[in-house]
Amino acid sequence: MTMPTALHTEFEDIAALRLALDQRRVSASELAKSALAAIEASDLNAFLHVDPALTLQEAARADAAIAQGSAGPLTGIPIAHKDAFVTQGWRSTAGSRMLANYTSPFDATVVQRLGQAGAVSLGKLNCDEFAMGSGNENSAFGPVRNPWDTQAVPGGSSGGSAAAVAAGLAMATTGTDTGGSVRQPAALCGVSGIKPTYGTVSRFGIIAFGSSLDQAGPLARSSRDLLALLDPMSGFDERDATSLEYCDSTPNAAGRIRADYEKFQAGCHARDSQPLAGLRIGVPDEFFGPGIAQDVDTTVKAALQVYESLGAQLVRVSLPRTELSIPAYYVIAPAEASTNLSRYDGVRYGHRTATYGDLEEMTGRSRAEGFGAEVQRRILIGTYVLSHGYYDAYYLQAQRVRRLIAEDFQQALKQCDVIMGPVTPTVAKNIGERRDDPKADWLADIFTLGVSLAGLPAMSIPCGFGHSAGTPRPVGLQIIGRYFDEGRLLAIADRFQQVTQWHQHKPGQAEIQGR
Amino acid sequence: MSWEIVIGLETHVQLSTESKIFSGSSTRFGAAPNTQANVVDMALPGSLPVLNQGAVERAIRFGLAVGATIAPRSIFARKNYFYPDLPKNYQISQFEIPVVQGGRVSFFVGEEEKTLQLTRAHLEEDAGKSLHDDFHLPNGAPASGIDLNRTGTPLLEIVTEPDLRSAAEAVAYARKLHSLVMWLGICDGNMQEGSFRVDANVSVRPAGQKEYGTRAEVKNVNSFRFLERAIQYEVRRQIELIEDGGKVVQETRLYDADRDETRSMRSKEDANDYRYFPDPDLPPLVISPQWIEEVRLRMPELPDAQRARFESEYGLSAYDAAQLSADRDVSAYFQQVAGALPSGQAKQAANWVMGELTAALNRDELSVLQAPVPATALAALIARIADGTISNKMAREVFAAMWAGEHGGDADAIIEARGLKQISDTGAIGAMIDDVLAAQPAIVAEYRAGKQKAFNSLVGQIMKAARGKANPQQVNDLLKAKLDA
Amino acid sequence: MSLTETDVARFAKLARIDLPQDKIEQSCTELNDLLHLIERLQSVDTQGVEPMAHPLSAHQDVALRLREDTVTEEGSEARRDALTLNAPALADGLFLVPKVVE
Chain F
1 MTMPTALHTE FEDIAALRLA LDQRRVSASE LAKSALAAIE ASDLNAFLHV
51 DPALTLQEAA RADAAIAQGS AGPLTGIPIA HKDAFVTQGW RSTAGSRMLA
101 NYTSPFDATV VQRLGQAGAV SLGKLNCDEF AMGSGNENSA FGPVRNPWDT
151 QAVPGGSSGG SAAAVAAGLA MATTGTDTGG SVRQPAALCG VSGIKPTYGT
201 VSRFGIIAFG SSLDQAGPLA RSSRDLLALL DPMSGFDERD ATSLEYCDST
251 PNAAGRIRAD YEKFQAGCHA RDSQPLAGLR IGVPDEFFGP GIAQDVDTTV
301 KAALQVYESL GAQLVRVSLP RTELSIPAYY VIAPAEASTN LSRYDGVRYG
351 HRTATYGDLE EMTGRSRAEG FGAEVQRRIL IGTYVLSHGY YDAYYLQAQR
401 VRRLIAEDFQ QALKQCDVIM GPVTPTVAKN IGERRDDPKA DWLADIFTLG
451 VSLAGLPAMS IPCGFGHSAG TPRPVGLQII GRYFDEGRLL AIADRFQQVT
501 QWHQHKPGQA EIQGR
Chain W
1001 MSWEIVIGLE THVQLSTESK IFSGSSTRFG AAPNTQANVV DMALPGSLPV
1051 LNQGAVERAI RFGLAVGATI APRSIFARKN YFYPDLPKNY QISQFEIPVV
1101 QGGRVSFFVG EEEKTLQLTR AHLEEDAGKS LHDDFHLPNG APASGIDLNR
1151 TGTPLLEIVT EPDLRSAAEA VAYARKLHSL VMWLGICDGN MQEGSFRVDA
1201 NVSVRPAGQK EYGTRAEVKN VNSFRFLERA IQYEVRRQIE LIEDGGKVVQ
1251 ETRLYDADRD ETRSMRSKED ANDYRYFPDP DLPPLVISPQ WIEEVRLRMP
1301 ELPDAQRARF ESEYGLSAYD AAQLSADRDV SAYFQQVAGA LPSGQAKQAA
1351 NWVMGELTAA LNRDELSVLQ APVPATALAA LIARIADGTI SNKMAREVFA
1401 AMWAGEHGGD ADAIIEARGL KQISDTGAIG AMIDDVLAAQ PAIVAEYRAG
1451 KQKAFNSLVG QIMKAARGKA NPQQVNDLLK AKLDA
Chain G
2001 MSLTETDVAR FAKLARIDLP QDKIEQSCTE LNDLLHLIER LQSVDTQGVE
2051 PMAHPLSAHQ DVALRLREDT VTEEGSEARR DALTLNAPAL ADGLFLVPKV
2101 VE
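Just so you know, the sequences run in chain order F, W and G. Note that the working numbering gives residue 121 to position 121 of the first sequence, counting from 1, and the numbers run on in steps of one. Each number in the working numbering comes from the position in the second sequence (counting from 1) with 1000 added on. Each number in the working numbering comes from the position in the third sequence (counting from 1) with 2000 added on.
FYI, nobody ran anything at the bench for these hints, they're computed from the structure. The beta carbon of each residue, even a glycine, is placed where N, CA and C say it ideally should be. You can take every hint at face value.
Some chain W residues close to chain F (C-beta under 10 angstroms, calculated; not the full set):
no.	residue
1	Val1040
2	Ala1043
3	Gly1046
4	Ser1047
5	Leu1048
6	Arg1078
7	Phe1082
8	Tyr1083
9	Pro1084
10	Asn1089
11	Leu1148
12	Phe1277
13	Asp1279
14	Asp1281
15	Pro1283
Construct the complete structure from the given sequences, taking the supplied hints into account.
This is the structure:
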């Protein structure tokens, strides 16, 4: 069966598409229509809510702006938003039955800013319920399938966001990363994704999961495309008290990340044959231990060799408390989530049970019916670790360990400029494989959690395929930077993508061996 | 068995900011239901709190006024419990590290001055309201209606040490606190509208016992009178319970004003496990010494300091000084009057403000800010008494005319128009005296015989002849001089 | 540290999630399994270490930014209607819940 392909997939990247739009070789409306058709025909279940009329309205506005010569860098570019972002017009469910019919009266800041930059929204993307999960199997609206192998999970919680990019349904998407939820699905779906430094992108309008961990981040086919979205997404927002006004001494505003990116690139050009000479890449011992699958290990190490060939120097570093990031995260995130989700009581919005007597019954039943199993588990754990008598031993202890983990990263990042390693210990598992073992999911987050606890920026770029599952499944390379390093990270990733073609592979096409 | 009463008060003071503590909605009272609640107040998915500087400033002002420590770094915490008027089902409050720590409030219980130690004062958000009118759910069951207008109004919760020993002390403290927060301009003090809510923690113990008895919390008291009654009832209830062999349960009780009793409240927060933890949406509140200093410089003179100053600077009695420093607007008015007069006349100013002015304000139900006679005009009137133009008695007539707005409220114009000028010319007075002495030989004889009353009669006759306009002092002096000559 | 079914029932009540008995049993098993992972925290020596509530506090002093005391949103019935669009039960602009007895 031939699936309709969206028109935007004929363009290498956003820059090429921008040129075509500005030169009127293609229109925003055409792009939107063809993307919508591809989405309609897709059985990946990546999208939860599509409203062609709304999308075409945005596309028409984009075309008008282009005609007037007032197009911005993203005008007409078809994107989609994870359902964890609230949007006017489209429903916002966070992948939960609790919010199955919820329409927000306001847009998330990220949605507003990308809209103001002219991007056209194709709809809302499926995700793990309230962003809790690593396989998009915890959605109340069915799992998302991995475009590389529809038996496989796409990763989570931003599974829909990653699958949509990989399958060519959207040019780029937004996701949220709390413990790896942008990086990990990006890795498992063979696309690029970035989680910026905590506080650089507004959380206003993100349906909250772990407040001290949540960060919005884009997913796209290349580092350059990530930059095209991240820069306008970022910047101080007065509606978010954790939003930073300054990144060290530079104002946190659109333009900062691009400026850092270009500065780094300019530095590279001066050393053409060894563009990354002088770059020290830290390779943590703990990221290449017994838990990592052979195919992932090999593929990631091959990627590191590519970096060496560009002039970078590999340096052994240690992140001794890597394993402790699991218990620390799984105390802090559920604790914060348990209270963030208290507002879902069936009083002002959200699911209200059909029959009830008193108030307590109404609330108790609505929440039992509205929340899925993983969400309920995490709420109960969160309640436990905050409860009287346990707060010190669990919550406070976890926050202290968190500081130690952050200090470990600081130490390591004194010996190197960036840290690199795998994103996940294995390639994508099959859908249903982990159903009866919630612990396994948690353990697989080992390489991504520490970064979230520390608030550091990190990205994932495709670096090859693993064959342990029989079919080729993508492997991602994680690149971790110092605070506010997102521009540099994107440039370092771009350097890799200039000499390799992993990011250009598309599911269904013949695999390009070795590159 | 003699019992000791132990009371600690927790007062929720609604701060007089324009907007709410964590959102930009208005705090105005009385709007239509849910028209003053935005996405943050309604806790819609994706909403986040941002702290209002005005709430912090008012907390600092309070802390300075009671000599407390202002925490350089304080933390907002989530207090978790489910209730429909609390949309997030947690309240953003402060737990381990509140913004104000310690402090003292002095007040009078009768003649005796007491000082009460405060434990702390912290910032938190108010909840909404439940209305229990005749609502019904779609299935026909009776319903309550939730209005979130009040949600997010800033509160300063002020907690005292459990050092109050009687209902009278508790009420005296509460009244002083009430006038203080209004004085500082941090709260409008409107108890009917819920701006100032006092909860009492009440326990009893056998006199001499060191350990505290179990306490019950009494809520829903919206006047000082009810506060006193509620505490008295609760004390009696606890003593009777214990004397009957029972045990006081730690619980929350609501005061029922109609029945004058306290009733156990169906528990809002069953397990009472609030699971406090620092709110990750709000980094630590840092208050610099510079900010505290700025607030200190802008502080009004505090009532206790002002009372002392009135005594020393104006020579007022302790009672007069206390009266005039109880209300900031009255005090300002009085100081303006006194300031416009030469020194030494503060006492007259005090008498007129506490006397004629207050009587007229009460009669017409006006606040001092609405007084039709401005302070400068009253000062001018008092000056006319001092300079002998009119007598005190005449001045009251003039004041009434000024109040009514005659002749644009101008004292001199009124005096002129009504011909109220005192006769102070010694010649003229002397002539009047001579006339009366000549006409009343019998009374003169009585005076000469030693009857002091006769003197007053003569004065009366002279004043009558002068139609009340003779300068009484001069009449007295001249009459005496003539009689004794 | 092992959770009992009583513990789980208590947490479910605190969190207002109605769990029938069989679910409580199941949850208890699942949670205890997950808690094994968390137990590892206990053995870490964190003497003298400040808890980290805000991630950037490793890098800089994080202080709360304050907003001016101004009304930025005038309410209205129209706005109220937009914000209460998703309410399950509404009357005269009020959210309706089963009658609360105090």
